[in-house]
Amino acid sequence: MKYELVAGLETHIELSTKTKIFCGCTTEFGSEPNTHCCPICTGMPGTLPKLNRAVVNFAIKAGLATHCEIAPVAKMDRKNYVYPDLPKAYQISEFDKPLCQNGYIELESGRRIRITRIHIEEDAGKLVHQRGDTYVDYNRGGVPLIEVVTEPDIRSIDEAREYVEKLQLIMKYIGVSDCKMQEGSLRCDVNVSVRPEGSEKLGTRAEIKNMNSFTFMTKAMQYEFDRQVDLVESGEQVVQETRRFDDATGTTEGMRSKEDAQDYRYFREPDLVSIVTTPEQVEELRGQLPELPDAKYARYVGEYGLPPADASLLVKYRRVAEFFDEAANGLQTPKTVANLILGQIFRRMPTDEEKEACNLLISAGMLRELALLLESGKMKMNLAKSTLDTMLDTGKPVGELVSEGDLAGVDEDALYKICAEMVAANPNAVADYRAGKEKAVKALIGGVMKATKGKADATQAEAILIELIHKA
Amino acid sequence: MSESGVRRMIAKLSRMLSEKQISCVELTKAYLDAIEKENNKLHAYITVTPETALNTARAVDARIAAGETLRPLEGIPMTLKDNLSTAGIETTCASKMLQGYRPIYDATVWKLLREQNAVLLGKTNMDEFAMGSSCETSYFGGSVNPHNTGHVAGGSSGGVASAVAGNLAAYGLGSDTGGSIRQPASFCGIVGLKPTYGAVSRYGLIAYASSLDQIGPITTCVEDAALVFDAIAQYDPMDSTSQGKQSSALPALQNDICGMKIGVPNEYFEGLSDEVTASMNEAMRAYESMGAQIVRFPLAPLKYALPVYYILACAEAASNLGRYDGIRYGYRAENYNTIHEMICKTRSEGFGKEVQRRILLGNYVLSSGYYEAYYRKAQNLRGAIVKGFDEAFASCDVVMAPTVPMTAFPCGRTHSDPTEDYLTDICTVPINIAGLPAVSVPCGFDGKGLPIGMQLIGPRFQEAQVLNAAYAFERETGEKSFQAVKMGVQI
Chain Z
1 MKYELVAGLE THIELSTKTK IFCGCTTEFG SEPNTHCCPI CTGMPGTLPK LNRAVVNFAI
61 KAGLATHCEI APVAKMDRKN YVYPDLPKAY QISEFDKPLC QNGYIELESG RRIRITRIHI
121 EEDAGKLVHQ RGDTYVDYNR GGVPLIEVVT EPDIRSIDEA REYVEKLQLI MKYIGVSDCK
181 MQEGSLRCDV NVSVRPEGSE KLGTRAEIKN MNSFTFMTKA MQYEFDRQVD LVESGEQVVQ
241 ETRRFDDATG TTEGMRSKED AQDYRYFREP DLVSIVTTPE QVEELRGQLP ELPDAKYARY
301 VGEYGLPPAD ASLLVKYRRV AEFFDEAANG LQTPKTVANL ILGQIFRRMP TDEEKEACNL
361 LISAGMLREL ALLLESGKMK MNLAKSTLDT MLDTGKPVGE LVSEGDLAGV DEDALYKICA
421 EMVAANPNAV ADYRAGKEKA VKALIGGVMK ATKGKADATQ AEAILIELIH KA
Chain U
1001 MSESGVRRMI AKLSRMLSEK QISCVELTKA YLDAIEKENN KLHAYITVTP ETALNTARAV
1061 DARIAAGETL RPLEGIPMTL KDNLSTAGIE TTCASKMLQG YRPIYDATVW KLLREQNAVL
1121 LGKTNMDEFA MGSSCETSYF GGSVNPHNTG HVAGGSSGGV ASAVAGNLAA YGLGSDTGGS
1181 IRQPASFCGI VGLKPTYGAV SRYGLIAYAS SLDQIGPITT CVEDAALVFD AIAQYDPMDS
1241 TSQGKQSSAL PALQNDICGM KIGVPNEYFE GLSDEVTASM NEAMRAYESM GAQIVRFPLA
1301 PLKYALPVYY ILACAEAASN LGRYDGIRYG YRAENYNTIH EMICKTRSEG FGKEVQRRIL
1361 LGNYVLSSGY YEAYYRKAQN LRGAIVKGFD EAFASCDVVM APTVPMTAFP CGRTHSDPTE
1421 DYLTDICTVP INIAGLPAVS VPCGFDGKGL PIGMQLIGPR FQEAQVLNAA YAFERETGEK
1481 SFQAVKMGVQ I
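Protein chains in written order, with the numbering used here: chain Z, 1 to 472; chain U, 1001 to 1491.
Bound-form chain U, shown alone (with noise of 0.2 Å):
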């Protein structure tokens, strides 16, 4: 899919389109006969949606003969992760609690996306209500990565991750709550961005941790990611903290990097795998090659942001995980006496083990007597953290940084001490705990094969300066950063 050095795949499918080189109904199906084909193998999706991406394929070919000109993302196969509300689709959050659960509203940004003529290929899988970074606390059992499939896709949006690397769709929308779009976007060696908090609609977006919760796009390539972006930040009245885009990302691509000063945090280098370390140190080289420059700095505040995103995100899970009480949808626990007794077995069985045990975390840091200690210390050291990338903006256009410190490890890696799992989230929840945007870029590889993905960071709102850093990186280094994988739809 390279194409005079520029990778690209939304256009390039979408100039096929339009120039009759294959029609929609031909390539939704072609999609549709290589998850047939694969889905058992990556656990991608946990619904596929024929009839939907039949139909709109259908909608899109007679606008084709008809001679319209089609919109950037029409006709296009992409996924949806399963926690966006998704109109007479089963919307799961790959929890046991909302297995059937048909949604009777859609999400914005799938409203936005429905009404360009996006084809739905299905929903993905993830970790249950997002909570994870491996796919597999999913109810469904996790989505594996394509690169290798003894290995995790990473999560939580590992399904839309490994639909997009597996080529099981063009595109995907995933949500990222503490890393979840870049964390599995870099262990699938694709593209994850996640936009600066506000910039994309919530609105039907299943709650995790609703100050840290954005949606963004897994894509395959920079062109694609900025495509997406552009199609779903719009400011929507149905989200209050909504504010939309400021500025266009697509036209932004092809700036010179020229000068531009990027920031690297010494905090961000401790700890990561050999193979990580000599993968960042070649990327700084690349763009100093480029005509960048490297600041060094510290970011001290850095060190606290694992344990203030556990203690907010589960804080306000516990919150927002509440209304899950068997009473007007989802599971609902058989043999009970009592209102309680139906809503404490209806929690107990319905979700599953990490979910139940942030649910406790939050409630416990909530608590009064433990509110102080630990909920509103939490909140002061989000402060200290928003203002010490503040700071570092002042010095520099873009901070740059390891995505995860290792790469995608194998599956059923189980921890006694779930703690262990959450330092893989290190380095990407300092970005949610900001409200910043950053997008996850593969960068090389491990001695496996595994993909090494590094994240570029953005002020509040700079999606365009961001991508236009990743996409400049991407094709500087064209192959040595990237390599599709041989399965689904080879375009």
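Here chain Z stands alone, though its shape is the one from the complex (with noise of 0.2 Å):
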């Protein structure tokens, strides 16, 4: 029998407000430990929460942008947990009324990833072993979170990996988040479970928690579906509980059954007051969200005409999607703007860091300029891409680069002159390419744009030196 995976995901994203949830420290990240805290965040006794209300705003627009409803009202809750790394022994979060409900994700096949919530929170510290002894640091206590909270509708390891992608993508892009998983800023817990093919009816399902790479997502799942799977056709029950993925076996292992499942004792956190959000807010939220992947990558197909794998790659990275939209502003031929983008730029930003910092010397009215001098003619291909390196090395404007004489390229006669001496200088190259070789040609066109310094149209030039190779 075939069978299915079905997953839902709950992602935990560490928003970039400059403050904690709760408190005015800073939530930056990596500094010597327990120095980001006050006696808000460290649950002094007597100390009360303060709602920074950014966090609600960020978490607005996480909701907004994945299509959820915003509550009016929404509400903060007791979270009841003993562990050293939560000072208060209690997470304030929420439980029964979150800010956002209902939205989805769409993946690129057209299924829609339904999106349960999306609630606030706050995160605990850490733990710090060192020397055989146990540390707590609390920098990153009260650090808000948002926890986005998936139907079971995944269906594939790839479609969990594209969600998550997607997922961070969009918070990315309106910037919340900068969602880096190796610094813990987004980390996933996955709800597997198995069913027969054609089956309507979900399976018991196991959480495996705190997946905070990728690679490690997509080995626990495949371990989990085969687990399962190997469960069901020997006919034992698959148990619901919380499992741990131990990265160094490629397995995951049971940490504690439904039965023991710890009781968090929710209740509505008394220090708090609602959360009101007026409708006027939420539309001012809303006006503030720049234009999101999607309907970028379609505007970049749509109207521009790129092929789709190019706009992927283009939408891939905020930043370059960004630069590349303020280069191509206007133009009659965005689709070079972008090739020189994936081009000549993009092999100087090699990994998907460089990509996303999209560090460059020049601005992006820069490649503008330089986009217009090919689209009126001006310039040709050639020399575009050799002054662009320039510029990316000089951080140079092309007027300080190319003069109006380079611009008037190299008349027809004198380029005759200059393809006639090529001919004349490489017997060989000819006889080749008389000899059926036509890549032969190219070598002349190379010495070509030596010689006139990249001025020249290689595809005039090409044209002049076959009629020369057959007239001679």
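It should be emphasised that the hints constitute simulated quantities derived from the structure, not laboratory data. Treat the hints loosely; a few may be bogus.
Footprint (simulated), chain U over chain Z, 3 or more residues, beta carbon under 8 Å [stated by the list, open to error]:
1. 42-50
2. 74-83
3. 262-272
Quick reminder that beta carbons are idealized off the backbone N, C-alpha and C, glycines included.
Take the two lone chains and join them into the complex the hints point to.
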């Protein structure tokens, strides 16, 4: 029998507000332990939380960008559990009245992964093990999180991956999180179950906690799928439980069953008043959203006529897409700009991080100037490419690098003369070409370009060269 | 301290200071000496802070010498309940768990008073984590009643009440979750005001039950309660539930109460001792003689108040007290092998019996399977109690009720059933559940000479009206309702 994987995801995303969710401490990552804390985020007796409205606004933006409904009145609850990194022995979260509900993210296939809810909560500190002792660092305590929960709509590991990537991209676009998995600012819990293909009934699920990389998530889901299929095939029951993924062995192991599940004794947080959001506030936040990846992609393919693969590549990096939009703004041939970015410029930023940062010496406006010259026919592609390289090296605008004379190109008579010299000087290449090796002409074109310092039009040169070879 | 029929302490001391009849250092030393002499009898103070007090006193004297006008509470020696956070000054909650704990920040109320140069004499005793009605659950031993040291001071703010009634402080701040200001004030024959929930910032009040806790003054007279209330009832951005006061109380005290409608809910007059009943009836007659009108009506939801209170308060307490794990501050058990064992031992050894009982109860009512039956039901009934009072205030201006059904009980009284002790709170807890302002004022004495107190309860943020009614009564009844104790600093 064939089995189908059914998965739902709970994704924790650290919000990049300047300050923590309930106090004025900075959310900066990577500082000396216990330097970003105060009486409030360390839960000193008598302190009270004070909700940072920026956190609410960030979460609402996340909700709007994923098609959620925004609750006019939400509230916060206490989730009680004891652990040394949780200084109040409860986490302030949202239990039954989350800020955002009923959204979705659409996959490339057109399938929608429904989002049940997005709620806000505080992060805990973390334990540091050193020389056999355990210490607690509360810097992360009180850093704002959103938890994005989906319905069990995911049907494959690839879909899970695509969903998380898309969620990540949207959050980066709207500027609410940097979503760095390696720094823990995005972590996933995956609920996995299996069922015979074609069945409508959901199987019993196991929850795998705290995946902080795509590799782990993929491995864990695959292992869990296989494990559950084996159980079902051999007539055994899948137990509802929480499991931990061990990256050393590539396996998952049970942490606690449903019966041992922690009882969080949720109740309303009496120290905070309801979170009220007016329709006007929602609209104001909606107005602040940038164009989202899906819309950008559609525009690049639909309006600009970019090949889907190129459009995807540009959309994948928010800063790159913004750079492209600015450079291509109002041009007849945005595709040319796209090609320059995907070619010359991407070559200078080989890693994802570099593309993410998109740190360039030139501005988008400078690329636009260059593109305008191309578009008007004043500059040929070859010269444009070499000029762009120089621009990227020096940060100088095209006007400083290329003179009017350069732009004039090479007039036809002069080009004829150079081509004739080239044919005369390279009898071997000419012979090769005549013998049917059409590629041999490329060497001659290269020579012409070199001689004209790239100013010649390569297509024109090729035509002349072939004409001359045939004549000779 | 009677001055043309009006009782006042703070204004009188303030005038003595500004007229240089006494220096602030002399006044402060008088109180410190009295504490030195009497505290071993009353156990009112857990920590005495002579250095802080005298430093402030010297600053006040310098301001007087420079001809500055004193602010209303400037230079007045006072005390804080030991659950109010004071930077650098030990704050124990009368628990072994927080013995030696020195906070790194000031509670908002203390910040407000400190900025006025209030002279802090020390931190006063209480039931452990404010859980109790006798002060006897204090890890350091309970405070006793200055009127009769064989009887309890009441609780949980027993130390403040004992200190103020015993003249070891001019006034103090307590906290009231289910009667913890009003009940000891009543037992000790003085005035205690529990403000409207949200009138005074809770920032820095070590939480017992967050949705019920309020800080308020314990004073020798109504005028002082108004003065202190006006000073501490300020909106505070550090407390999201804080709103500040609607109007100042002091200017309203002189208002004529003729025509005021005083509501008397029948349910409040069941199960009282005969002496308390007699005292209440006399108080009603006093009000009628001043032209007020007594309105009787039923307030049925009152009968749910006690269980509702103990369910909600314990639930919140269980959560609030989860943080005492021995990791960051306070007591830590000594012998343990695992972190889990450390936390368990720390909490078993650091918390007293009553605190442990309420934590267990609270976790029980919140646990899955019982939440609906207890916590949810209590929340719904809380709504009914709120509504009941709202309806009552449609037909009257203030509600009058006894503060406690009895007078201070003897020290060491123990019950095998703790719910018998909980009955002490039956008159006070409904007010916290409804979030209303209420003041307890002395209204007479029982046969043993122990004080009886009466509550005046108002609509939300109507402290001025409540204190106005209390002030009129105090002026009308004089020595019949209040007698100063002959100990401590005699002004």
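So, going through the hints one by one against the coordinates:
Here's how the stretch 42-50 of chain Z fares: 9 of its residues keep a CB closer than 8 Å to some CB of chain U, so the rule of at least three is met and the hint holds. Coverage of the stretch 74-83 of chain Z by chain U holds [criterion: at least 3 residues with CB-CB distance below 8 Å; count 3]. Residues of the stretch 262-272 of chain Z lying with their CB closer than 8 Å to a CB of chain U number 7, which satisfies the three-residue condition for coverage.
Checked against the numbered hints given earlier, this structure breaks none of them.
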